[in-house]
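Chains as they are written, first to last, in our numbering: chain U, 1 to 128; chain D, 1 to 364.
A couple of the hints might just be wrong.
Pair by pair, the computed Cβ-Cβ distance ranges are [to be verified]:
| id | chain 1 | residue 1 | chain 2 | residue 2 | range |
| --- | --- | --- | --- | --- | --- |
| 1 | U | K112 | D | K307 | 39 to 47 angstroms |
| 2 | U | T85 | D | Y302 | 26 to 34 angstroms |
| 3 | D | D181 | U | T85 | 31 to 39 angstroms |
| 4 | U | V64 | D | E288 | 54 to 62 angstroms |
| 5 | D | A335 | U | E120 | 51 to 59 angstroms |
| 6 | U | K32 | D | E19 | 52 to 60 angstroms |
| 7 | D | D246 | U | Q121 | 27 to 35 angstroms |
| 8 | U | Q126 | D | Y302 | 33 to 41 angstroms |
It should be emphasised that the hints constitute simulated quantities derived from the structure, not laboratory data. Note that the structure is predicted; figures quoted are calculated from it, not measured. We put the CB at the ideal spot given by N, CA and C, even for glycine.
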Amino acid sequence: MYPENLYYSQDHEWLKVEGEEVVLGITDFAQKQLGDIIYVDLPAAGKSVEAHQTIATVESVKSVSDVYSPVAGEVVQVNQALVQTPEIVNRDPHGQGWILRLKIKDKSELSKLMKAADYEQFLEGQEH
Amino acid sequence: MKKTRLNQVHREAGGRLIEFAGWEMPVEYRGLIDEHLAVRTKAGLFDVSHMGEIMIDGPEALALVQYLTPNDASKLLPGQVQYSALTTPEGTFVDDLLVYCLAVPDKYLLVVNAANTDKDFAWVKDKAASFKVKATNESDRYSQLALQGPLAQDILQPLTELDLGQMKSFHFAFGQVAGIDSLVSRTGYTGEDGFEIYTLSETPDVIWKAIVARGEPLGLQPVGLGARDTLRLEAKLMLYGNDISDKTTVLEADLKWIVKFQKGDFLGKAVLEKQLAEGLKKKLVGFELIDKGIARPHYPVYIGGQKVSEVCSGSYGPYVKKAIGLVYLPIEFTAIGTELEIGIRDKMVKARVVPTPFYKREKK
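Using the sequences and the accompanying hints, generate a full structural model.
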C-alpha cells in the first residue's frame, strides 16, 4: 500500500528523495481523513522552511489541515496542477498529487523519518 | 456515546462514524461531494434519529406552543407542520424547531436539534408548569430517517399505501412504510423535495433497507452529516450554534416570516416588536468568496480594514461550486454586492454579500 521508496512523518507527510531535492506530499491515510479536497494553499517558490513548520494548507469541504515540512529546506517548485484540480491529492496522493519540491538543507534529518513498514505499523496504532 | 437503532446499518454501509452531540453518527459514506450531488440530482437517505422529539399533550397544548414560539400554531390543522423557534424573553433562540399538529388543540410534537434536546425539554417543561399539559421527552423512542432529493417520491411511493402525490410540502400523515408504522412528513433540511419518516419501531432498519433496495438502482446514496451540513447551507437553512443562538434574535436572523405579532403574546414578543419599530442594527446575510479559499466558522470579517464580525456557517458548496457562508453584519453593510474581506490564516480574502438562498430548487 505505502511505497517502499518514500519516507513518512508522524504528521502523515511523505518525502521522496531525488538528489539534493525532496518531493513532498500527504499520505493516503491523510487524504482519506480529510475527505474531498477542494483547495490547496501553496507557498511561493523560494520560501525557506524549518523542520516541522507549516509549508502548505490543504482544505477539504469539512476541514483545514496544515502540511508540515518534516525537514528544513527551500521550496524550489510547487505542483501547479493542484490549483485547478486539487482532487488529484485524493486520487493519487503518493504520485500525481505531490505538493511541492524542497531543496533539503541537511539530509541527515531524513533518518528521523519512518520507512513504509514503520509507517504502516504507526497507522495501526492510530486506528482503533 | 449514544447509538441510533441504525448504527449497525451504517457500519455495514461503510459509513465513517464520528461523535456528534453525544451520538455516534455517520459523517460520510462514499464521500461528501458525491453524497451532496446525489441529493441534488437523485436522492439521498439520512439517519437523523439523533433529533429530539418533545410531545405536548393536554387541553392547553396549543396555548403553550403559542406562548413558546413566535409562529402562529393556531393556523395548523392536524397533519400540518410549521417551522418555528423556541424563543427567550429577549427574542433570541433557545432553538429552532418543527411543530407537528397531531390534534387541535391538545396534541403537538416538537422536533428539536439533537444538541439542544435536554436544554429544550427542561425549558419547555418549566414553562409547561403553568399550563394544563404534559410535556414528555420522547427522543429516545423515535427513530427518524430523511429521504431527500428529486426522486424521493418515486422511491418511497411503492413502499407505502399513503398517497404521496396528495401530500403537500409541510404536511404529514400516519401510515406504514415497508410494513412499519410511521409518521411520514414532506419536510427536510436540504433544500430538496423529500420526506422525513418517524417511527417508534425497534426495527427502523427495515425501512432503511427497503428504501436503499428500491433507491440504489436509481442513484440513491446514504448520506452523512457532512453533506447534510453543506446541503442545508446552500439552501440557507439555519444551524443552531452557528447561525442562530441565544445571542441573536429571530429578526436579526432574517426569519421575520416566522414571527406573527398579531397572534397574541409569546416569549420575546415585546423585544421583537421594539426591535422591529426601531430598526435592526445587524442582520444575517449570505456571502460568497471572490478569491480562492474557504471561509469557516469564526474567521474574522472586515470591511474597510475594520473587523466588523465573524463567519457563522462557512463552507464550500459542492453544488453551487463556490465558497459560501453566512455572517451577521451591521445593517449599513448588508446590501447585496457589499465587499468584505475575510481573514483566512495570514491572508485577507475578498468576498461579497450575495442574495440567498445560495441554491433554490426549480419547482416542477
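Against the structure, the hints:
1. At about 41 angstroms, the CB distance of K112/U to K307/D agrees with the hint of 39 to 47 angstroms.
2. Judged by the Cβ atoms, the range 26 to 34 angstroms given for T85/U and Y302/D holds: they are separated by roughly 31 angstroms.
3. Checked against the given bound of 31 to 39 angstroms, the beta carbons of D181/D and T85/U, roughly 49 angstroms apart, lie outside it.
4. Separated by about 18 angstroms at the C-beta atoms, V64/U and E288/D break the suggested range of 54 to 62 angstroms.
5. The hinted window of 51 to 59 angstroms between A335/D and E120/U holds, with their beta carbons roughly 56 angstroms apart.
6. The beta-carbon spacing between K32/U and E19/D, approximately 18 angstroms, falls outside the hinted interval of 52 to 60 angstroms.
7. Taken as a hint, the range 27 to 35 angstroms is violated for the pair D246/D and Q121/U, whose Cβ atoms sit roughly 48 angstroms apart.
8. Remark: the range hint 33 to 41 angstroms for Q126/U to Y302/D is upheld by a beta-carbon distance near 38 angstroms.
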